[in-house]
Amino acid sequence: MGRPLDLFAAASPEGAWTVSQVTRRARAVVEAGLPPLWVRGEVSGFKAWQSGHWYFALRDKAAQLRCVMFGRDNRRLPAPPSEGMQVFAFGQPTVWDEKGEFRLTVYELLSTEEGGLWKLAFEKAKAALARDGLLEPGRKRGLPPYPRRIAVITSPDGAALKDIIAVVGRRWPIAEVVVLPAQVQGAGAEDELCAALASLRRLAVDVAIVGRGGGSKEDLWTFNRERVARAVAASAVPVISAVGHETDVTLCDLVADWRAPTPSAAAEAATPDQADVRAALEQLGRRLARGLTTRAQRAGDLLARSQDHLVGALSRRLERLSDRLAAHGAHLDALSPLKILGRGYAVARDVRGDVLRRVAQFAPGLAFRLRVSDGEVPARTEPS
Amino acid sequence: MTPPAAPDPQDLAAQLERLEQIVRRLEAPELDLDEALKLFEEGVERLRAARERLAQAELKVKKVLEHLDR
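Those protein sequences? They're chains A and B, same order as listed.
Take 1 as the starting number for the first sequence in our numbering and just add one per residue.
Take 1001 as the starting number for the second sequence in our numbering and just add one per residue.
Okay, chain B solo, but in the shape it has when bound:
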């Protein structure tokens, strides 16, 4: 269903970037209808994933000490 270069659904930045790209292409006048449908399908899926990701966000804090023992 998703193309091979699909970004990690947890990666919101990539989701948003791809969504913007989809919407821009969908708004371009020369788009093939078949392609438009595919883009729409993908867009809906990404929108869902992005909203889910936002809903479940909880800040993680990690301490890195490795640089001190060089």
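Only chain A is shown next, with the shape it has when bound in the complex:
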């Protein structure tokens, strides 16, 4: 039994509802009756609009639910869902006045698959990098053994920067640390990291460290952005990636020339230990001394062997050389403990170059030459 039709009321402007009134009322009823909730379903008909908003439907065997996820909410996600993906969506059921459509305004979207959207985005970007040959082990550049300037791209107030400066200061204070501040998470982090990496080209640095301390998967996600990874690969100097987490490898780690588990480890990879360098210098000094001694010894042997026919030709030259050898004898001595290099000493020689060792050799008014550490000084004894 239908209710009797009130023709007069229906036909009058006062009696009929406007479309807007009905949809507004429907929205109020739906929103009051259905609080924000989780919905499980399969993604279908996904479309991302220029505006940044995503439109799709969730469906199961029997029904479908239109969904919108606005740009401000989907920006946090690593990638859009793929067609047919099983997801959980959290949102507010509502009525969209303009289209008179029942739909879900989605705030959060999770894939039910292992790793979900994050894994999907990671694998997609990784495949793109691999296609361009950026993951080839042969691309990796060696790190400079004695860096002069080390660029550090990280947050200016993070612990990572403090750790890096402390380690470089202890191991290799010869270097200069050039800090390129960049946000490492949140909106703008991607742009800032890319800009900092690109500007390495204009700075005379030998190596760069890019990274941050540990954080959640979402916090670290900037280092999984394909654009950031490409900027690392395109860097003008070798890059050490130091994203503070040991388990998950980021895209930046994969393309970097060296992967360090923490910022401190990155600083260690970038620098030699000054104690080792000191030891290497001592070793070089010893080899230097030994090299010359051996060479001089060989010259003497050669002379003895070829005396008969070479005396004339070699003696003048050897005389000259033996003078210099004598002058360097002091150097060789100074080298043996090496610690007293540069200590003052002098050798007096007469005009023929013979070394003057005794008082008796210094006649009054005798002109002689004094060999000191950096050259020779002409000298003369007092006239009688």
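One or more of the hints may lead you astray.
[Said to hold, decoys possible] Which stretches of chain A does chain B cover? Using the computed rule of at least three CB atoms under 8 Å from a CB of chain B, they are: (1) 33 to 39; (2) 174 to 188; (3) 276 to 287; (4) 291 to 297.
[What the hints assert, rightly or not] Once the Cα atoms are required to be at most 25 Å apart in a straight line, the calculated DSS-like pairs of lysine-lysine come out as: (5) 99/A / 1063/B; (6) 126/A / 61/A; (7) 217/A / 124/A; (8) 124/A / 47/A; (9) 1062/B / 162/A; (10) 162/A / 217/A; (11) 47/A / 119/A; (12) 124/A / 140/A; (13) 1038/B / 162/A.
Since the hints were made in silico from the structure, they are not lab data.
From the three backbone atoms N, C-alpha and C, an ideal C-beta is built for every residue, glycine too.
Since chain A is already given, all that's left is putting chain B on it; use the hints.
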């Protein structure tokens, strides 16, 4: 005294590289004695400069902001 291509004495990397080169050449058997003396002289000087540089090292930290105002 130093050859024209002499590295900056502050540049330890270049000093070390040159020192290694000098020692390797000094250890080569076919080296002329005169040349050996020259190399030794240069080596001693570089060793001194490198040790001095290590002794006076003090970490410098500089912040670069130029890349942000592109």
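Verification of the supplied hints:
Counting residues of the segment 33 to 39 of chain A whose CB lies closer than 8 Å to any CB of chain B gives 0, which falls below the minimum of 3, so the coverage claim is violated. Against chain B, the segment 174 to 188 of chain A contributes 8 residues with a C-beta closer than 8 Å to a partner C-beta. That satisfies the three-residue criterion, and the hint holds. Evaluation of the coverage hint for the segment 276 to 287 of chain A: fulfilled, as 7 residues show C-beta separations to chain B shorter than 8 Å, against a requirement of three. Judged by the Cβ-Cβ criterion of 8 Å, the segment 291 to 297 of chain A is covered by chain B as claimed, because 5 of its residues qualify and three suffice.
Between the alpha carbons of residue 99/A and residue 1063/B the distance comes to roughly 54 Å, so the proposed pair goes past 25 Å and is violated. Our distance criterion of 25 Å between C-alpha atoms is broken by residue 126/A and residue 61/A, whose separation comes to about 34 Å. Annotation: proposed proximity of residue 217/A to residue 124/A holds, straight-line Cα distance about 17 Å (limit 25 Å). Pair hint residue 124/A plus residue 47/A holds up; C-alpha atoms about 18 Å apart against a cutoff of 25 Å.
Only pairs whose Cα atoms come within 25 Å are accepted, and residue 1062/B paired with residue 162/A is accepted, the gap being roughly 13 Å. Using a Cα cut-off of 25 Å, the hinted pair residue 162/A and residue 217/A holds, with the two alpha carbons roughly 23 Å apart. Using a Cα cut-off of 25 Å, the hinted pair residue 47/A and residue 119/A holds, with the two alpha carbons roughly 20 Å apart. Between residue 124/A and residue 140/A the alpha-carbon distance is near 22 Å, which keeps this suggested pair within the 25 Å criterion.
Distance restraint check for residue 1038/B and residue 162/A: the Cα-Cα separation of roughly 46 Å exceeds the 25 Å cut-off, and the hinted pair is therefore not satisfied.
When each numbered hint is compared with the structure, violations occur for hints 1, 5, 6 and 13.
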